[in-house]
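Peer 1: The lines below spell out each chain.
2 protein chains.
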Amino acid sequence: SIGIAGAAFANEDLAKMSENPKDWVMQSGDYANTRYSTLDQITKDNVKNLQAKWTFSTGVLRGHEGGPLIIGDTMYVHTPFPNTVYALDINNDGKILWKYEPKQDPNVIPIMCCDTVNRGVAYAPKTDDHPALIILNQADTNVVALDAETGKQVWKTQNGEMTDGGKGESGTAAPLVVKDKVLIGISGAEFGVRGFLAAYNLKDGSLAWKAYSTGPDKEMLVDPEKTTQLGKPIGADSSTKSWEGEQWKTGGGTTWGWFSYDPELNLVYYGTGNPSTWNPVQRPGDNKWSMTIMARDADTGMAKWLYQMTPHDEWDYDGVNEMILVDDMEVNGKKHDVLVHFDRNGFAYTLDRATGELLVAAKYDPAVNWATKVDMDPNSETYGRPLVDPKYSTDKNGEDTNTAGICPAALGTKDQQPATYSPKTGLFYVPTNHVCMDYEPYKVSYTAGQPYVGATVSMYPAPGSENMGNFIAWDAAKGEIVWSKPELFSVWSGALATAGDVVFYGTLEGYIKAVDEKGNELYKFKTPSGIIGNITPFEHDGKQYIAVLSGVGGWAGIGLAGGLLSPDNAAAWHGAVDQGREQGTEDQVVGTAGLGAVGGYAALADYTALGGQLTVFGLPD
Amino acid sequence: SIGIAGAAFANEDLAKMSENPKDWVMQSGDYANTRYSTLDQITKDNVKNLQAKWTFSTGVLRGHEGGPLIIGDTMYVHTPFPNTVYALDINNDGKILWKYEPKQDPNVIPIMCCDTVNRGVAYAPKTDDHPALIILNQADTNVVALDAETGKQVWKTQNGEMTDGGKGESGTAAPLVVKDKVLIGISGAEFGVRGFLAAYNLKDGSLAWKAYSTGPDKEMLVDPEKTTQLGKPIGADSSTKSWEGEQWKTGGGTTWGWFSYDPELNLVYYGTGNPSTWNPVQRPGDNKWSMTIMARDADTGMAKWLYQMTPHDEWDYDGVNEMILVDDMEVNGKKHDVLVHFDRNGFAYTLDRATGELLVAAKYDPAVNWATKVDMDPNSETYGRPLVDPKYSTDKNGEDTNTAGICPAALGTKDQQPATYSPKTGLFYVPTNHVCMDYEPYKVSYTAGQPYVGATVSMYPAPGSENMGNFIAWDAAKGEIVWSKPELFSVWSGALATAGDVVFYGTLEGYIKAVDEKGNELYKFKTPSGIIGNITPFEHDGKQYIAVLSGVGGWAGIGLAGGLLSPDNAAAWHGAVDQGREQGTEDQVVGTAGLGAVGGYAALADYTALGGQLTVFGLPD
Ligand SMILES: O=C(O)c1cc(C(=O)O)c2c(n1)C(=O)C(=O)c1cc(C(=O)O)[nH]c1-2
Ligand SMILES: O=C(O)c1cc(C(=O)O)c2c(n1)C(=O)C(=O)c1cc(C(=O)O)[nH]c1-2
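Listed in order, the protein sequences are those of chains A and B.
FYI, the numbering for the first sequence is 238 to 858, going by my numbering.
FYI, the numbering for the second sequence is 238 to 858, going by my numbering.
These aren't lab readings, by the way, just hints derived from the structure by calculation.
No experiment lies behind these values; they were computed from the predicted model shown.
Every clue listed holds true.
No copy is singled out in the list; a pair is fine if it fits within one copy or between any two copies.
DMTMM-like cross-link-like pairs, simulated, lysine to aspartate or glutamate; straight-line CA separation at most 25 Å: (1) K336 with D843; (2) K715 with D614; (3) K389 with D843; (4) K340 with D843.
Chain A extracted, bound-state conformation:
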């Protein structure tokens, strides 16, 4: 029938549209999350001439993550809370075609762990069931579908429970449109939120399926016999058995990162976040399925395979970073359709994405020290598990003990900032953190909607380094760094590889930079504010452009974004989070505020201030 055909179109159209390099129809560029553009007008020879073409202030300050979408002549730009969405006219230097300004309860601001960020809107092409849609995952967990042409609301649904008797759930993840559904994640593992991924029907916003990260098999949408980890069925009650009592109910594993999709396998890929609390002593067991890569059927949500990277996390190494899908990669002499994932825990994983077979797991920053390696021996008892250095086990060292010198810091060797893959070079270009930490877990009690953190953290550059970041090239078949370009601060923006042999990324100081395939810097331009957004390429009237949002913030920039460099505000932050724990000197109070990022990134205030601006770059006419 027409209805069914229409529904099918949504998916096919979007996949097809994502092959047109003139547009940028989803945050990741394509379902494979490669963030690669085949546009090649901007080359390594002429990129030095790049110039700002037009700019647009979003009217909102704090951390601007994600990036604009491009559909024909229209650019869709979103902001952090209050999550304003603009449709801008590309033909007219960004004249505002429509603006959507949700009214949200500002009480959501303090329950967002890592700034009031939003990783962008999704686009769904018109079908018989609905007009073309722009879908927004609001901070307050309302999901809104807007008519892409008019900005008028088509439907609205509530994905989580925010404040006021809620559970401290919030929304930051970019939605992903797959077929006739849209996938929506949830945030709040610092509030003991029980993570899930939900799929809503594009037609009317009704729930299609919901897969929890922890809990009973039925609620997790796992089949004890058919869902596998490393080739073996996970068995019954795999999650609940890995927690004490009912801790899985407040066990975290939120889904605030990026989602990928393989249309042929019809599988959706994503990772789950940290187990709650940050105090590992309080939650014995593997805490399944936090810190896990999940492969699920897009239609039903049923899990095909899972892989827990960091069982029983003791460092807050959320597993939510993007999964980049590459076909036909030769690993150890055999070709695989792989999934490559740069985890917070400092290991880069290459897996066969059809089976979940572990092919490569290697450190992508030599500073990583919490585990010596991932056990790659299929016959070992600890196959696939990281071999933890007891010196850096915050669980072993125990509550109220400060474990010093752990690398990476809680924000990982990479956090939300997505990497890019160039099929031309076969390499991944990865924005990374080069930061270590002290971590002191302490006992906390759970109250719904209240912080449930349980660790004091301080952060600093990796020993012997002055740089807090590197931009690296990675060979995912070999598990090797090809080159590494130091950056003063963590590179908190996404990267973009292009067929012009130029790779783009942004820095926390606010520079947009272009490098060649060897990491040589070819161009830089200081945008108004620190860049934690991602880079959108597009073509218009026969010319190639790139667009990027500036606006310092995110976890790394929370000192600036949340005003936590002020001792008063830092003390108030501790008052809200620490459940009465003594906090030491003023320096310590500031240093450990914002879950440790305030002290670590304090020097950022010498380079940039809050902002919220779009800059569109192109070559001279």
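Position chain B with the ligands against the provided structure of chain A, taking the given hints into account.
Peer 2: Here is chain B with the ligands on its own, set in the frame of chain A:
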């Protein structure tokens, strides 16, 4: 002695520094307020190649007026409330050398009539008495002198009384350093503030002199015998006699505009604002010396001459716009050192600045209709006075009567946006408004610190026009428009003329534009937000640059800046201002909010959103 020599240096150094086109040492560029730069690398031939070189977000939204100062390698940038000041390193793409963040009572925000603007900081060179200073006139009327090298406070003084038992006084005007003093204005005529100009000693911030705009001769620093208007002594009690009872005490005449200085005559020039209230029926008389150009001795504050442009104002035509000083201008066959002033009331005045002789008074927008002309007959009883068209007399038409079709609107043919003068062409380039209004005065009562407005205003483009602004060239000797370039909205930014035969200005949509001496548009670039700031030229490492602040707001942009396009907020605005008056339909409530600017400029929301960004432009390397 060394001390005296040092004090003298402050003035001489600053005057000398202002002749160095590489720097920009005061908001107006020079004491004469010409805003002319002798830099000529950027020419009418190459300006089309101009490009953004680096940018900086100020971390503050709302209206950004004024512009950066340049002293050597350092750029000083200020913001609207909370009036953050940054010292930026020009050698390093604007790295932050220091940042000053005053803590101000946010209750000052609602007592600022026309957005939380600030027109910029002043610089005072080092003397034996003090280090080099950056002087800030805060919204809350605190005046702060900062060490230009470190940002540390050297002294602080309170210029007015803000809220909490105060009088609703606020600060927006740029200070002007003259010799060993700094001139500071006051805002608040919409709150019945009695205007004054104060001079503080640079050494320690102590008061040197204070000259009220209204009141007893002594407090006004006028000499009944020696202070003249149009060549005649003003006589005793000239102000108090021109008001009923003690109305002069709440009579307005604030000093929130620009100040000029003639070092040879040692005279300071500035204009006074509207009489309070906006309801003329309530305040019979000429309401002296509101709406007046003042020429005062820089050392003592004593007035040499005065000229009231709009006696008994009935339209809110504040007389505060800048006085541009030009030497040796030939008017009617005779050379004069003149002062040229584009008044809100739609007349451009050319006066002999030594004597106050009125040489030219002519409409600089043909739409002006409230007066037929200014009486230029020295023998006439009404010499120097505008001849009011009774049709547009809101006083005659009376309280609670809507007088329609008055041109210009209350915000005048020009408001705070400063014009520029090119000695190369002998012409003035003037950003103007092309807006008319309906004005309905009504009775109000005075309460200290509360709005004291008394008129409902709505604004719209001049009849027969779609453009709400023009950028014009003006011959001040002849009193003639040379050319006029229409702009969609009022041009609310300052203009800059350069020796490269290029004139720059910004638009409310956010474009920076360059035109040639004939008004042909040579270049435009869409900056992040609407431009109401002024243009700063400078040279660095042998290259010419221009810098400008974006950030829509000011009175024209108050709908966006104050959120008054929302019916709820507009109603709340009326609730605070209208003393209980009935406001009509929702459209009317929004339309007449913000003293009439919200409705008039509503379409601005289709072009730009709030911001606060610096953009530095230069030619390609
Ligand atoms: O556990 C969670 O639910 C959760 C949510 C978020 C988020 O939604 O932004 C972050 C994190 N955790 C987190 O661990 C983290 O490092 C982080 C960084 C950022 C960011 O935007 O910079 N968000 C988050
Ligand atoms: O009467 C006053 O004290 C006063 C103050 C100000 C100000 O300080 O900004 C403005 C005005 N009046 C005013 O009439 C006016 O048109 C105006 C425009 C602006 C602006 O910045 O856009 N300020 C002011």
